[in-house]
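*Asks:* We have chain A; now place chains W, F and G onto it with these hints.
There are 4 protein chains.
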Amino acid sequence: MLQEFINTRQYSEQICQVLDLEDYLLQPEEHVSPAKWHLAHTTWFFEVFILEKYAKDYQLYHPKYPFLFNSYYELKGERIQRNHRGNLSRPSVSEIYKYRKHVTESIVDLLKNNDSPEVEKRIEIGIHHEKQHQELIHSDLKFSFNENPLFPVFDSNFNEDDQEDFIGEWINFEEGIYDIGFAGDGFCYDNELGRHKVFLQDFKILNKLVTNIEFLEFMQDGAYKNPLLWHAEAWDWINEKGINSPKYWHQIDGEWHEFKLNGLQKLDKEGILSHISFYEAAAFAQWKNLRLPTEFEWEVAQEKFNWGKRWEWTESAYLPYPNYQKASGALGEYNGKFMVNQKVLRGCAVTTSPNHSRPSYRNFFHPHLRWQFCGVRLAK
Amino acid sequence: MLQEFINTRQYSEQICQVLDLEDYLLQPEEHVSPAKWHLAHTTWFFEVFILEKYAKDYQLYHPKYPFLFNSYYELKGERIQRNHRGNLSRPSVSEIYKYRKHVTESIVDLLKNNDSPEVEKRIEIGIHHEKQHQELIHSDLKFSFNENPLFPVFDSNFNEDDQEDFIGEWINFEEGIYDIGFAGDGFCYDNELGRHKVFLQDFKILNKLVTNIEFLEFMQDGAYKNPLLWHAEAWDWINEKGINSPKYWHQIDGEWHEFKLNGLQKLDKEGILSHISFYEAAAFAQWKNLRLPTEFEWEVAQEKFNWGKRWEWTESAYLPYPNYQKASGALGEYNGKFMVNQKVLRGCAVTTSPNHSRPSYRNFFHPHLRWQFCGVRLAK
Amino acid sequence: MLQEFINTRQYSEQICQVLDLEDYLLQPEEHVSPAKWHLAHTTWFFEVFILEKYAKDYQLYHPKYPFLFNSYYELKGERIQRNHRGNLSRPSVSEIYKYRKHVTESIVDLLKNNDSPEVEKRIEIGIHHEKQHQELIHSDLKFSFNENPLFPVFDSNFNEDDQEDFIGEWINFEEGIYDIGFAGDGFCYDNELGRHKVFLQDFKILNKLVTNIEFLEFMQDGAYKNPLLWHAEAWDWINEKGINSPKYWHQIDGEWHEFKLNGLQKLDKEGILSHISFYEAAAFAQWKNLRLPTEFEWEVAQEKFNWGKRWEWTESAYLPYPNYQKASGALGEYNGKFMVNQKVLRGCAVTTSPNHSRPSYRNFFHPHLRWQFCGVRLAK
Amino acid sequence: MLQEFINTRQYSEQICQVLDLEDYLLQPEEHVSPAKWHLAHTTWFFEVFILEKYAKDYQLYHPKYPFLFNSYYELKGERIQRNHRGNLSRPSVSEIYKYRKHVTESIVDLLKNNDSPEVEKRIEIGIHHEKQHQELIHSDLKFSFNENPLFPVFDSNFNEDDQEDFIGEWINFEEGIYDIGFAGDGFCYDNELGRHKVFLQDFKILNKLVTNIEFLEFMQDGAYKNPLLWHAEAWDWINEKGINSPKYWHQIDGEWHEFKLNGLQKLDKEGILSHISFYEAAAFAQWKNLRLPTEFEWEVAQEKFNWGKRWEWTESAYLPYPNYQKASGALGEYNGKFMVNQKVLRGCAVTTSPNHSRPSYRNFFHPHLRWQFCGVRLAK
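Protein chains in written order, with the working numbering: chain A, 1 to 380; chain W, 1 to 380; chain F, 1 to 380; chain G, 1 to 380.
If you are wondering where the hints come from, they were derived from the structure by calculation, not from laboratory data.
Some hints here could point you the wrong way.
Copies of one chain are not kept apart here, so a pair can be met inside one copy or by any two copies together.
Below, computed lysine to aspartate or glutamate pairings styled on EDC-like, alpha-carbon distance capped at 20 angstroms [to be verified]:
id, residue 1, residue 2
1, Lys-197, Glu-175
2, Lys-225, Glu-78
3, Lys-64, Glu-147
4, Lys-304, Asp-202
5, Lys-64, Asp-253
6, Lys-266, Asp-253
7, Lys-197, Asp-179
8, Lys-380, Asp-190
9, Lys-76, Glu-233
10, Lys-269, Glu-217
A quick note: this is a predicted structure, and the numbers were derived from the prediction, not measured.
If we strip away everything but chain A, and leave its shape as in the complex, we get (with noise of 0.2 angstroms):
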């Protein structure tokens, strides 16, 4: 565990070695928060949840931090609204690099000494907490880089893309009553525990994951301007929006490019689909004559597929297992209040962190939302 928090909190640095000083600035919208927000907001989580409590005459390590850098718990305070993270210019970056180290050690010198479960539990918290962040950094700089005219490169080696070279073809699953949710010894979210049975009807799921090519044909095919493909509130989004394709695409000359974080790209036909929102996976599948998989067949469907390239859209509301119990104390802010309107993603990202997700983990954004690495895998 030692070391995981040490690796841990190397990797979030080792990121953003990359940027130039005021890349770590940026929040062009509200729901993208600066690369230097993130380091410190990791760092506040360990301060306020484990040094705070645990550490023995520990202090703040400054007054205001916890109102700069708290996110959403209500149970820590007062805090600085969202969409003004990115008018904190002070403290510098070179502050918030001392800050980590300042935290780092004294967690370090804490697991030394500890004896706590508790602690340890909270630090394995912690350590995923960051883990998210860590995807975020690679989000948030994705989409700031690309309200940039000049399309900086973010690291021209990163490879979005790779799929393995197969034929998609379907699997086939029986109906019967299966078992959903956390089984076994290591980490999980509460979201994910209460396991529990569910029936499922028949179903096939796809081994593959669509493609841009696949996307650009249902794009062709004047998708975006037929009403019966799309939810109502989609409908009114494409539109208010101006919405017409996947969001980091871009027409060039009559020629369609892909913004990566490896630069503006021309589109690579074979290429995985990524940055849709459910909206849109839903109106292609409706396309296709096919439908999203529930996040239960996705679960049991899992193991007969290679998954890890993309957060995988499914048709699933994001709600409480039964049985759910939220953690107590201002951990229970983390997951249990966002569920209501969001949809599940499964799977995970190019961009998710070494040994964070899992096939009972389950990711939820809004359903417009598309600046992550979102894709689709088809059902029927």
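*Replies:* Quick look at chains W, F and G alone, frame taken from chain A:
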């Protein structure tokens, strides 16, 4: 069927007998439609879905009425923006009654000589469609009158609240596989079809709806100020809108009143709670350390209790059943395109028209809406 | 005065004789008020500024009417939000006519026994106040009817356009000191008082208003696409709102039409241009390499030309004259508090009530508004 | 001129010496621009208005910089939306300094070999343009730092407040004809030209600016709660925004503080009032039963008092002088297109660059803006 059609058409007009002419025009918010619009839209529905297609040589009553009275059917062409419905003083109310008479008589003629099951099926849909709007006329007028500082009375004899006077008791159900969805020969909507099996855990459900006094205790316990009880977006919603009580509650000179269809009344503490959002229903359940039932639990349990005074919020998201098939053509827009970001309500309300609801009926609203007669039944 | 009072009260009601009952309620946008509100508000004005103060033992007609019918007088207490005026179906139109009758008779009684010059002065203000609202009833109904795809006719005999058929000629004025402001014994508003000297340069002004054909040439020259003709905020305004013609112009099957009080008509090319904003007036003048007159030039020149069909935009901002004194009490809110960010209009419109305007009259609107009968006279 | 050019270019960079690298990027609101954008935009101005046209064989430094650094010149092509200026981490600050160096050197080369008066005239405009942005860098950084709960210090030695310590006295002026507008040989903007006669009534003006203590009395008298003191739209503005003090005043533990370029300070009661809107300036004058001077009174009177610490709001609207001629081409967009809905300010501020203002200088802002160093001088 002929008689049911005639009765339904008459009942819509009967509801409006108590109105002043000016009352027909009110649209204080976008989601509320004027009574005259409801009267015309339900008529348009019969005209374009039935007469235009099946009545020989039928001519549209007026070439611009489809533009004025289409609600959301993309396949039926352009239409006036929803929030402009209240800006139409013409056609006048008396002209709309003439339009109704013309279409009603044309349908009667058609029905008398009809032997097409498709015509019959569509008229049945049209009848149920009009019944839904009869309920909306009540809800929309209540909303509109509540905006008027004079608090006009809709009908001084209308009784919203009767609840049989019995003790709330928990009813128990065993875990197992249950059948869900419409079974039988009568009418139902497409979203109830595809009867299928669902596995349910053990659960208990109350035989009684929540009353005003119980919700008052929730309020007096500071629940609207306690973020831990609320979904994150519910918390934002109550704070942005300044919400601190059910929709039609007014504190006047220190005393709670409730605006009802029979006018402004002192709050009846034993009355059945009404006009709360899903957000408030869920927070209330959380405060009780209980939960809302799922729509499946409700359907399984409903034989064992009385229902019919309030639409009952469930925890379930409004999603397609397995094997759900949208109707073809514009009627396919009736239900399916709303299957995202809404919650299922079961039962029916004191304002629901006779012979309209049934145990498998799936009503649905966005979780913040509360201008319908929505209430709460608890489960655990 | 008694007769003028009675005539004015009658004329308001006469204007409304052509309306359907539902027409009285229309408020399609916040700045447009329902006809029934105008009828009630002008009545409220007499009630609270005169009867309440000067009529012995006068009792308010209804305790909530001041809340419903106060427009913007902070000293007269709380009032309904402006954009909610259209949500009030009650009091009914017939009830408002009763209210009018009651207040009219009470004022007549008061006037018959009155020897207070203050009462007389206030009734005079009330008369002119009601005349302003008579014009607004026309403008607001035109706006409201134009929102209806059926284009209802207000009065088929109403003639908006007569312009004496003469050649436009420049009238010359010498530089020098001129006297500006009201002089004489009759009624005027406080904003015209404080007659004072102004130094004017040489100027020329046209004896004729701009016609539709001239504005059509401006449009056909691409003026709405040429940023150099527009103020910066005008440019933003036309682009955000998609404005490319005067307000009531409609292109139908390739031909320009104009919606008028006598219904939808083919554009009369010789007709007087109307319903344009200051922004458009200024851009038009710029396109002609001319300019709008100042309000001082207009006042000096007005004897030499006919005016009275359109309110004429001037370049002048609506500012207090030197030595301007606001009336005391709530009547001081009549004019002074609007003296920022508005433009002065001079003259009067075809809808202005008889005996209302005069050469020193200062009308004022925000520069983007165009639902009044506003036109253009050019100067250089 | 060469030396003035070099000095001006250096001074912009000198202002920024105190910044952290991250500070250059801040744009907390649309009307505030990042320091790095100011540095680049002033450079772009020299590049496209001078080098591109007059320097032989000049090549644009970077093909996309015009898109990034044009502010509002429609004739100079498309540009990034104003509120996106803060989203550009690239080009980096160091890259922008290189861009500055390149353009500065190119202008120096051009100037050395130049004998065109047009080039000289344009460089002079460019110099004054850059001086305006030097002031904006101060104002924008003050605004941005004030958004940060840590209240960063711009420069601990910056003194905003000195006011010579003398008694406020009224200076009298006789009615008569005065000459207004720029006279002389030096530089001025087009909006000051067209020297012309204006007739002024008798007036008196104070030789001293309003101080913080005076405004505090206004506040303590409940002025922000008294609608009679405010323009109607000012009253809406203070209530919508919750405004109850000048912009940078903060009440901390019951004591008023002021955020300044030298950091958060206790309010200096003798300090010169700053950062108020026109709305507040006018309400304050109304409360004193005085008024603001017109811009003509100010220009006539300015010889008799000291000015130069604050931009002084006048009652005058920003309108063209008689015979105003816009410059041709894109430079004509510099001033004229803003001549509606803005108020004239006269004088200059403590942050205005040396040799920039003059007695005939006409600054202008919308009446609600207050992030500039604006103050009040009273007249009657």
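*Asks:* Which holds for Lys-225 with Glu-78 at a C-alpha limit of 20 angstroms: within a copy, between copies, both or neither?
*Replies:* So Lys-225 and Glu-78 pass the 20 angstroms test across copies only (14 angstroms; inside, 45 angstroms).
*Asks:* Could you place Lys-197 and Asp-179 in one of the four classes (within, between, both, neither) given a Cα distance threshold of 20 angstroms?
*Replies:* Both: 5 angstroms inside a chain and 16 angstroms across chains, each within 20 angstroms.
*Asks:* Between the shortest in-copy and the shortest cross-copy C-alpha distance, which are at most 20 angstroms for Lys-304 and Asp-202: within, between, both, or neither?
*Replies:* Close inside one copy (16 angstroms), not across copies (32 angstroms); limit 20 angstroms.
*Asks:* When Cα atoms must be at most 20 angstroms apart, do Lys-76 and Glu-233 count as within-copy, between-copy, both, or neither?
*Replies:* Intra 35 angstroms, inter 18 angstroms, cutoff 20 angstroms: inter-copy only.
*Asks:* Please sort Lys-266 with Asp-253 into within, between, both or neither, judging by C-alpha distance up to 20 angstroms.
*Replies:* For Lys-266 and Asp-253, the Cα distance is within 20 angstroms only inside one copy (12 angstroms; across copies 43 angstroms).
*Asks:* Please sort Lys-380 with Asp-190 into within, between, both or neither, judging by C-alpha distance up to 20 angstroms.
*Replies:* Intra 30 angstroms, inter 19 angstroms, cutoff 20 angstroms: inter-copy only.
*Asks:* Which holds for Lys-197 with Glu-175 at a C-alpha limit of 20 angstroms: within a copy, between copies, both or neither?
*Replies:* For Lys-197 and Glu-175, the Cα distance is within 20 angstroms both inside one copy (13 angstroms) and across copies (10 angstroms).
*Asks:* Is it within, between, both, or neither for Lys-64 and Asp-253, if the alpha carbons may be no more than 20 angstroms apart?
*Replies:* This pair counts as between: shortest inter-copy Cα distance 16 angstroms, intra-copy 50 angstroms.
*Asks:* Is the C-alpha distance from Lys-269 to Glu-217 at most 20 angstroms within one copy, between copies, in both cases, or in neither?
*Replies:* within (11 angstroms within a copy, 50 angstroms between copies)
*Asks:* Taking 20 angstroms as the upper bound on the Cα-Cα distance, should Lys-64 and Glu-147 be classified as within, between, both, or neither?
*Replies:* between (31 angstroms within a copy, 14 angstroms between copies)
Violation of the numbered hints given earlier is absent; every hint is satisfied by the structure.
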